[in-house]
Structure formats: C-alpha cells, structure tokens
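Kindly generate the complete structure, drawing on both the sequences and the hints.
Which chain is which? The protein sequence lines are A and B, in order.
Note that my numbering numbers the first sequence so that position 123 is 624, with each residue one more than the last.
Note that my numbering numbers the second sequence so that position 225 is 227, with each residue one more than the last.
These are computed hints drawn from the structure, not numbers from a lab.
Any given hint could turn out to be false.
Taking CB as the label site, the calculated pair distances span [said to hold, decoys possible]: (1) A:E639 to B:A305: 41 to 49 Å; (2) B:F170 to A:R606: 46 to 54 Å; (3) A:T526 to B:G163: 54 to 62 Å; (4) B:P42 to A:R782: 56 to 64 Å; (5) A:V695 to B:I287: 24 to 32 Å; (6) A:T707 to B:N143: 44 to 52 Å; (7) B:G264 to A:G678: 54 to 62 Å; (8) A:I738 to B:V174: 31 to 39 Å; (9) B:R246 to A:G678: 28 to 36 Å; (10) A:Y574 to B:R246: 30 to 38 Å; (11) B:V174 to A:Q806: 29 to 37 Å; (12) B:R246 to A:R504: 43 to 51 Å; (13) A:R606 to B:A305: 54 to 62 Å.
Only part of the chain B face toward chain A is listed, based on derived beta-carbon distances under 10 Å [as the list claims (entries may be wrong)]: (14) S15; (15) A186; (16) P191; (17) G221; (18) A267; (19) V281; (20) R284.
Where is the CB? At the ideal position from N, CA and C, for every residue including glycine.
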Amino acid sequence: MARRVRRSGLTMPINTPRFVDRSWTRNCDFLNFDFEDSVPQSQKEYARTLVSHAIEQGLKGGAEITLRINCSYPEADIPAAALPGLSQINFPKAETAEQIRNMDRLITEAERRQGIRPGTIRIGTAIETTLGVANSYEIASASPRIDAFSGGTGYDMSMDMGVEMFVGFDQFVYNRGEGALVAMALGLEYHGSVYMPDTTGDVGNTELTRQRAEANRKAGLRSGSGLHPNTVEPQNIGLTPTPEEVQEAKRILEYFAQLDERSEVEGELDGRTVDKYEAARAAELLEWSELCAQKDAKKAKAQAQARELEAQGNVPS
Amino acid sequence: MKPFVRRSHLIVSALDEMQVNTSWTHHADAVVLDLTDSVPEVDKPRARDGVKAAIPVASRGGAEVFVHINKPLAAADIEASVWPGLNGIVFTGAETATDVEDIAATLETFERSRGIANGVLHMIVMLDSGKGVWNIREIINASPRVCSIGLDEGNLCRHLGIVPNAAFDPFVYAKGRLVIESRAAKRQPVGISHPYGLFPQFDDAEEIHRLALKGKNTGFAGVMCPHPSWVEPCNRALTPTEERLEFYRETRRLFAEGIAKGTAAIPYPGTTMMIDVPVDERARITLEMWERCAARDAEKAEALKRAQAPL
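Spelled out as structure tokens, the structure:
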C-alpha cells in the first residue's frame, strides 16, 4: 500500500456549509467530514445527502478526503459516504472486530455499486473507550483496509476512564503503548502522538501545536490532525523534515555506503555511531521528505487551479 | 452491576478491638475487617470468631462491610464471615478464573445456608502476581460478583523481585492494564498514585488527597485505606468538586440550546472550548456522579446520627 502523507487534517461537521465550502483553502493534507458527534441527531439524515458536494469542495485543495460515520448507524452511513473521491471512512468508538468486519462488508458492497475499484476505500478506526483498548489487536487486524492505528486518547476515552482531560501528566500512557505495539506488530503506520503537558484544552493553540508536531517528528511520528484551522500550518511545517535534517540524512547514507564498500558494518561520523539502523532511519527520513514535497506540490497545484476558477467567477453552487 | 459509591475502603485488623470499635466513626464508604496479614497465624481462629459481632459495629456509620480473607484459608474465613450485614469479601492473590470461581462457589453456599439473597455478596479482588495481572480479563469476568480490582503493590513487588523505590513507579503498565480492563468490564479499579501504594504515610492529609486525586486521574475509582487518616482526603478526592458543578450545568444548558437550533458544536463563551456530544456527556456523567456521592454521604450522615443518638 502506498504510504500516505497525513500531517494535518481538519474534522468538521458536514452540515456546516461555511466550514465545508472553505475547507479546500485550509491547505490540509486530509479532511475529515463528520456525520458523528458534531452533527445533531435531527440532522443525521440530511447530513447523508451532503457527501458528494463535500468531496468536491475538499478535493479542490488537493486534500485526501475522509469521513467519520456514526458507530450506531453503519448501514445507513456507509452507502451514503462511499462515493468516488473518498479515500477513507473513519469508525469512531471502535470496540470489537465484528464492527470492523461489518464495515468492510458494507464498503465492499458500496464500492461495487458505485464502480469504485475494490479496496480503494480504507478504514480508519478510532479507539475511544476502554473496551476498544482492551480489544485493540482484534480491531486492528479485522480488515486489510486498515493501514494505520493509534492508541486511545482524547475526550471520550477520558470519560470512560473516569479521568479529567488536562491534568499535567499522561493519563493515557498505557493506551499509547498498547496502540503503538499493536500497530508495529501488524505492520501498520502508528498514528500516535507524544505526550505534551497541556492544561488548557485550547484546540487552536498554534504554538503548542507546533511544539507537539516537532516533538512527534523527532520521535519518528508522521501524522497529525486537528479541529481548528490554526493547527494546519504548524503541523505541515512541524512534521516535514527540515533542510538540515535532509542534508544530515544524505551524509549518513553516503557514509554508510562507504562503510559498506570497505566491508564494515558500523563506524563513527562526527562522534555519532552509524550502522544499519541509523542508515535505515536516514533512508526513511529522505523518503518521507520526498513524499511531503510531492504532497505539497499536489496541494499547491490544486489550490491554484481552484483559485483561478474562483477568480473567473466559476464557483460551483 | 448497579452503580455504587465506594471511594474509601478503611482496613482494620479484625483482631484489634479498638480499631474495630472505632471503625464506624471515620466516614468510610466501606470498612474492611482484615483476617490476613494483620492477624498472626495462631490468632486466626480468634479473629474469625469476632467477625460476626464486628460487622454491625463497622456498619454503624453507614459503611458497607467487607472481610479480607486468606486465600489458603478461604473456606474457614468465608464460613466465619458470611452473616447478614456483610457486603462482600476482599480476596488477594487470584491468578486464574478458577481461583475466583472457587471463592464465588463458597460464597454462594453460605449465602444459601445463612439466609442471604443469592448473588448479593461482592468480591474485591487484589492482584499480587505477574500471572494475576496478565490474566486480569479472565479473573474479572469469572464472576459477576467481582466489583472492584486492585493491586497489592507490596506483595506484587515481592513476587516480581522488585525492590520498591519511592522515586519511580514500578507499576505504570500494571496499573494501566488494571484500569483499562476493569473499566472495559464496567468494574471499579481501586488504587492510589505512587509512592503511597508502596510507601503509605499517615500524617499529611493534603499529600494523601493529592495522590488520591492523581490516582483518580489515572482511572481509579476507590482507594484501599490502610489508616483512618486516609478516609477523608480520599472521599474528597473522588467526589466531583462543587465549584465545577455550575460549569457543568451551564455546559448542559448551552448544549441543549445549540441542539434546539440544529447545531451540535457550540463555543463555550469566553473560551476557545467547543461543547459537543462528549463534552455534554462528561457534564452529565459528572453531575450524576456528584448526585450519587451526595446521596451516599447523606445516607452515612443519617446512620451516624442514629448511632450517636442517646438511647
């Protein structure tokens, strides 16, 4: 499966036109249109009619389009969500493997009906309850459509654990560990985040977002997400390797190639040990840097086109 | 299992008359009459003989009463403990589902012979081995009587060859697993934050409160209290604070208003906070928890008043 670049993403209610219609201008790597908690019960049905418009809006910015369904209504939500242009359906509060297998069946059916290449639409699972953490391995291995996994943190999890949200230490340390182990054991991308003290709960804090993104990058983590437009740029920048890091990675690889020519397996470069693990890390960083550059180019091109159309007054209703 | 409020479990030696006779005066949600480590082997029979009379004494302040039984002496300890007024037993050292099933079967036998309704006696299971922590899911689900699960940190250290050190918590993983598995099965994890699980102190109420509160924020719902000085700070730490109640009521009001207008994401005035379903849900849960705590406290206050009234 091709590796995806998902440094930044915004989750927004699909029934709020002022968010959806400007979503392409946010420069996100992905967008997550919501059927779930940000949509009131009375508008669930209406929300299901808005998907093709939302996909069209989001694609104008070159973002990958994902959609969060309700865990209680997969039968109604998935056929409405699985339209051409959608790359992933997110299942919140995942608790059992059976929920995911059911989801996979519904997506397979919808892909057939819509003429979408089988296997295109991936499944994202959000672990948000203690039962979900307990069943992590079964959930993460329930469908080949899953390519990433993360540990259960966040608001719903905190409620189920009976803990407060912003307490100055990591209440979710076990959950993060479990998620990381499951992801690695199954060969999935670990979409986790390092813990950073935050006692505010401010979802639009640019500086904190930047610090967290940089800490994640340095820990080898690659993904982000958010609720507030302020979080997008700090994550795009913070999760992209810096030119210095790219330079350093190239030097390490060159040096390792020289070692290899001399039939040596490790050596020292500027007081730092270089071996196959360091070389693999450097190679991953270069690959990631290249993927980020491709993604940035794709987004820039799409947004330039959309702006031009808008300037010509060619705005879809 | 019906929701219950059991913030503090005050442990007293079943052998120590003074401790037993004052156990009801400390406002504990539960009193645990200990037949294990605080009772020397030779005194076990004498301690057992005292349990029946101790139960109504321990409950005079409205506390629920438990007996901490010895795993190898379970049959005799349970026989001595199952009398009307008992709420359940504490049992340390479960390693498999079978351990729990055996105890549950013995409890059932004595419920029947002593005229106690079937299935009412709870089991608080304390884990003290690597095997027990690893098998926690089967242990919890072995019986609907299992209401709470905790770690016996001292014995767990001994069995794992860990030399306890106040500077770091050896059981970050074990506690995480305990909280997740207990909550996933809708049972109560009990415990306090490091280092008081291994190095309990009795004279600093604020520190007890701080570590109980930190324990609450790792997911614990109750504390095993080795000393009466723990009861008040633990009760306080595990009860929602009054000053947050107004905030939660306002959250619920604003969210209901938003829903009526067709939106489920409402900004909280004066903050960057958004109120959505989970935020509203937390407000509901916290308010309900506060009400349950208040009801429990009123119940205990009433019992205490009756106990202190002149005859």
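Broken hints, numbered, in rising order? 7, 11 and 14
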